[in-house]
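Visitor: Each chain is listed here by its residues.
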Amino acid sequence: MTYLAKPKLHHPSLERNRVGYLRRDYEGKISTLCAGCGHDSISAAIIQACWELDIEPHRVAKLSGIGCSSKTPDYFLGNSHGFNTVHGRMPSVLTGANLANGDLLYLGVSGDGDSASIGLGQFAHVMRRGVNMTYIVENNGVYGLTKGQFSATADQGSKSKRGVANTDSPIDMVSLALQLGATFVGRSFSGDKAQLVPLIKAAMAHQGAAFIDVVSPCVAFNNHAGSTRSYDFVREHNEAVNRLDFWPSREAITADYPAGEAIDITQHDGSVMRLRKLDADYDATDRVRAMNLIQMRAAQGEVVTGLLYVDPDPEDLHRHLNTVEASLFTLGAAELSPGAATLASINASLR
Amino acid sequence: MDTMMPNLQETKKKPRIEAVNDLVVKFANVNGSGSASANELFARSILRMGVPVSPRNIFPSNIQGLPTWYEVRVTEAGWLGRRGGVDMMVAMNPQTWDQDLKEIEPGGYLFYDSTKPLPPEKFRDDVHVIGVPLTAMTNARWSVPRERQLLKNMVCLGALAALLDIDLAECEKLVGEQYKGKEKLLAPNIEALRLGRDWARENLACPLGIRVARADNVGDRIFIDGNSAAALGAVYGGASVCAWYPITPSSSLAESFLAYCGKYRVDPDTGRHRYAVVQAEDELASIGMVVGAGWNGARAFTATSGPGISLMTEFIGLAYFAEIPATIVNVQRGGPSTGMPTRTQQADVLACAYASHGDTKHPLLFPMDPNECFDMTAQALDLADRLQTPVFVMTDLDIGMNQRLTAPFAWDDARAYDRGKVMTHDMLEAGRDFGRYLDVDGDGIPFRTYPGTHPTKGAFFTRGTTRDSYARYSEAGPDYLYNVQRLLRKFDSARSIVPAPVERKAAKATRIGAIYYGSTTPAMDEAIIALEAQDLQVDLLRVRAFPFADAVNEFIESHDLVFVVEQNRDAQLRTLLVNELDIDPAKLMRVLHYDGTPITARFITRAIGDHLRAIGGRPAPVRSAPAARA
Numbered sequence: 000m001t002y003l004a005k006p007k008l009h010h011p012s013l014e015r016n017r018v019g020y021l022r023r024d025y026e027g028k029i030s031t032l033c034a035g036c037g038h039d040s041i042s043a044a045i046i047q048a049c050w051e052l053d054i055e056p057h058r059v060a061k062l063s064g065i066g067c068s069s070k071t072p073d074y075f076l077g078n079s080h081g082f083n084t085v086h087g088r089m090p091s092v093l094t095g096a097n098l099a100n101g102d103l104l105y106l107g108v109s110g111d112g113d114s115a116s117i118g119l120g121q122f123a124h125v126m127r128r129g130v131n132m133t134y135i136v137e138n139n140g141v142y143g144l145t146k147g148q149f150s151a152t153a154d155q156g157s158k159s160k161r162g163v164a165n166t167d168s169p170i171d172m173v174s175l176a177l178q179l180g181a182t183f184v185g186r187s188f189s190g191d192k193a194q195l196v197p198l199i200k201a202a203m204a205h206q207g208a209a210f211i212d213v214v215s216p217c218v219a220f221n222n223h224a225g226s227t228r229s230y231d232f233v234r235e236h237n238e239a240v241n242r243l244d245f246w247p248s249r250e251a252i253t254a255d256y257p258a259g260e261a262i263d264i265t266q267h268d269g270s271v272m273r274l275r276k277l278d279a280d281y282d283a284t285d286r287v288r289a290m291n292l293i294q295m296r297a298a299q300g301e302v303v304t305g306l307l308y309v310d311p312d313p314e315d316l317h318r319h320l321n322t323v324e325a326s327l328f329t330l331g332a333a334e335l336s337p338g339a340a341t342l343a344s345i346n347a348s349l350r
Numbered sequence: 000m001d002t003m004m005p006n007l008q009e010t011k012k013k014p015r016i017e018a019v020n021d022l023v024v025k026f027a028n029v030n031g032s033g034s035a036s037a038n039e040l041f042a043r044s045i046l047r048m049g050v051p052v053s054p055r056n057i058f059p060s061n062i063q064g065l066p067t068w069y070e071v072r073v074t075e076a077g078w079l080g081r082r083g084g085v086d087m088m089v090a091m092n093p094q095t096w097d098q099d100l101k102e103i104e105p106g107g108y109l110f111y112d113s114t115k116p117l118p119p120e121k122f123r124d125d126v127h128v129i130g131v132p133l134t135a136m137t138n139a140r141w142s143v144p145r146e147r148q149l150l151k152n153m154v155c156l157g158a159l160a161a162l163l164d165i166d167l168a169e170c171e172k173l174v175g176e177q178y179k180g181k182e183k184l185l186a187p188n189i190e191a192l193r194l195g196r197d198w199a200r201e202n203l204a205c206p207l208g209i210r211v212a213r214a215d216n217v218g219d220r221i222f223i224d225g226n227s228a229a230a231l232g233a234v235y236g237g238a239s240v241c242a243w244y245p246i247t248p249s250s251s252l253a254e255s256f257l258a259y260c261g262k263y264r265v266d267p268d269t270g271r272h273r274y275a276v277v278q279a280e281d282e283l284a285s286i287g288m289v290v291g292a293g294w295n296g297a298r299a300f301t302a303t304s305g306p307g308i309s310l311m312t313e314f315i316g317l318a319y320f321a322e323i324p325a326t327i328v329n330v331q332r333g334g335p336s337t338g339m340p341t342r343t344q345q346a347d348v349l350a351c352a353y354a355s356h357g358d359t360k361h362p363l364l365f366p367m368d369p370n371e372c373f374d375m376t377a378q379a380l381d382l383a384d385r386l387q388t389p390v391f392v393m394t395d396l397d398i399g400m401n402q403r404l405t406a407p408f409a410w411d412d413a414r415a416y417d418r419g420k421v422m423t424h425d426m427l428e429a430g431r432d433f434g435r436y437l438d439v440d441g442d443g444i445p446f447r448t449y450p451g452t453h454p455t456k457g458a459f460f461t462r463g464t465t466r467d468s469y470a471r472y473s474e475a476g477p478d479y480l481y482n483v484q485r486l487l488r489k490f491d492s493a494r495s496i497v498p499a500p501v502e503r504k505a506a507k508a509t510r511i512g513a514i515y516y517g518s519t520t521p522a523m524d525e526a527i528i529a530l531e532a533q534d535l536q537v538d539l540l541r542v543r544a545f546p547f548a549d550a551v552n553e554f555i556e557s558h559d560l561v562f563v564v565e566q567n568r569d570a571q572l573r574t575l576l577v578n579e580l581d582i583d584p585a586k587l588m589r590v591l592h593y594d595g596t597p598i599t600a601r602f603i604t605r606a607i608g609d610h611l612r613a614i615g616g617r618p619a620p621v622r623s624a625p626a627a628r629a
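Chains A and B, in that order, give the protein sequences.
Each step along the first sequence adds one to the number in numbering that gives the first Met the number 0, with nothing skipped, and position 28 is 27.
Each step along the second sequence adds one to the number in numbering that gives the first Met the number 0, with nothing skipped, and position 21 is 20.
Hints are computed from structural coordinates only; laboratory data are not their basis.
Here the structure is a predicted model, which is why all the values come from computation and not from measurement.
Glycine included, every Cβ here is placed at the ideal spot set by N, Cα and C.
Do not rely on the hints blindly, as some may be mistaken.
To be verified - Stretch-level coverage of chain B by chain A, calculated; a stretch enters the list once three of its residues show a Cβ under 8 Å from a Cβ in chain A:
hint : stretch
1    : 285-292
2    : 396-410
3    : 438-452
Please build the complete structure, drawing on both the sequences and the hints.
Guide: If you want it as structure tokens, here you go:
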């Protein structure tokens, strides 16, 4: 069966958030992915993050490309408009949607096949332009829907399920995003919800191009010995540079840590990110040092996770284009047509 | 000054072309020499004298150095197509001298810069040669190299004004308008114009046998290129998002849109923009952005040309199937592949009509001139919203990149944008059933909701995969059939709301007809008069859109033989007519011109005239449809 509606069962004691929604209201249809797929954990993290952020579900627009990961927007935020676009081209559709209506929160969901191969160009340009969005790549190093071919993020020397070694160099999406000007860059692991949920929340509060690379093992085709995207491998090699706590702008900060162990970063919307440092030398507001550290650790075979870089006061495409406050799609002839009198003077100038 | 004028004495002996307000002057220039603005000034000065002109740029894919031509047809009768033939060549490019010389009609005129003497074999005996030492005169007066280059064009224009009896006061007025507020630049330009005129008056017999005389045939018409006109149509039509990728000959359309928006779409209080223009990384992204913006309820468009259309076809299929408005202006050029990027053709008709994989078809609009570029681009935005589908405006390089005399633009301030069927928050709240792909009105057009409309109702998942009428994923045969058959009904609904064809009856009843479209129009307007002068009666039908209105079928039915005149090799509109209307192909005679130059009245007249004479005016029965070739 390819389509399953989830039964709506509400327990009267379920908790409602500040805007009156149950966690259930952020769910979508029943996933058709394989049992144990990392992507389903990411969907659950998105649901959790949106509920905790008190976002009205219809204020989110979720867009995706093609592939296993790109199917997931059907499995969360069922009251949001979604758009499953064409392979590798979600970034341009998201950009256009964002230009038309700057009032929605944009969530782009993609995979490593979708973003690192066919869509590498659009990935690069959407980051360059600083489109205000949260862009999540569910990265498993493999093409799942077409049954196990290597993707462009697969590590050199890692082995396919049939034992064939990958000979090509991997594309590191995090390094690319940093180099291309993304103003929020994180990496996480689908198996670490405690790390992932606050990252998604902080990214959604970020008023610029936010990118999260989520290592998300493919249980069907890339969870074996010799793979560098298996649950076991990632657990062993995951090196978190920090732990993130996130408070939306209106909330009081509740956690407390000894001085020196944590730093607070206030984003443009007033929300606060508290970073508990796990790596004493790491400064998440220094783009160049972030790039350095990621390269060094990658050379040692480690997967660096956490909030890798943030610009607390980013600019976005709307600011660059100096668009009006009102969303463009709301403008009518009164605002858009210069009128017949102006046209008469244009005609006169053309004689 | 070492000036050589070999033919001045002989001038009286040989025949010479004598014509008032009916002549073709062609400028042979070097690309990047600054000739374009002087050329435009030449054309507009004549317009200001009340005499219609029809200029065409013939240019290479190059920024500097290669040959470029500007051909001006001066035509009191108002024929705006290319005539063919050259009465006067302004030969400013040594590279193309031999070729340019050959093009001059016997008894015509050759104007050249005589600063350096040329040997007699560089001239033709049957052509009147006029040498003006332009470089020497300019260099004697000005010293800055760039200034010299630009002002030489003005000296040339001054001399031509004297030779062709163009009122220099009109040139000076235009220059004054151009340099309003930059008086420093004005003075040397005026001086250069007068320098050329005075030299010609003193040294040459002015005017020549061909000349311009004041008339009153321009009326209230305006002079503008089709790309600017389409851009202005997009401004008036309410496009707020434009995503594009540079490609000749469409680039100036998006750039004009940006320029017009900068003038007319800035919030006067805040200085902020009521528009968003993005130069995308490629055509895949530009159409993607248009689709995204259309999905979100903004009016969005892109401008491109053939290769861009090829890149966009995957998205066009998505927009067709997921039913998302998009407006695409295709400024056609010579294909296939990179083809002739700076030449004109109408060769994307089939590629656009059926763009993308699977069963797809899309509305096409065929503007004939800048005025229709304006109207149809604005209308395309309405149609895209009404039909929730990609709509193509099929212009071409000939219309797009040449200034053309055209009816003034008109806009009714009472006109509201047709946003199509949009289900609002209140409609959902009132309990209206919302099926994204449900045909509630029988016209095949469903309702849509904009993202963010309602907290709990009206959200749906847009996808290119099949789904049922409530947008739920489904690969069930009946669900698929419901959708694709509804899409056909929707396409049929388009038939009655796209621009209707325009018919012109011959003076006498006839069973012979001709169908044409777009930039072929001015040549056809002229050809039909020439055919009638030969007592050949042909009814005309100008097709303005696909899907074809019923009137197109009726026209073909009521004639025994119908010429289909177009500017491509494979008779693409004819194929579309045969395919969509089940026409007997034998009935449709191809008249095809596709060498990259705009079709001429002479070509059409000859192709149709020869055929009609060959069959003795009795068309039926026609068993084969041989092509008239360019």
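Visitor: Now, for every hint given, state plainly whether the structure supports it.
Guide: Results of checking the hints against the structure:
Requiring three or more residues with a Cβ within less than 8 Å of a Cβ of chain A, the coverage given for the stretch 285-292 of chain B holds, as 8 such residues are present. Figure legend: the stretch 396-410 of chain B, annotated as covered by chain A; annotation consistent (4 residues with Cβ-Cβ distances under 8 Å, at least 3 required). Counting residues of the stretch 438-452 of chain B whose C-beta sits closer than 8 Å to any C-beta of chain A gives 5, which meets the bar of three, so the coverage hint holds.
Comparing the model with each earlier hint shows no violations; every hint is respected.
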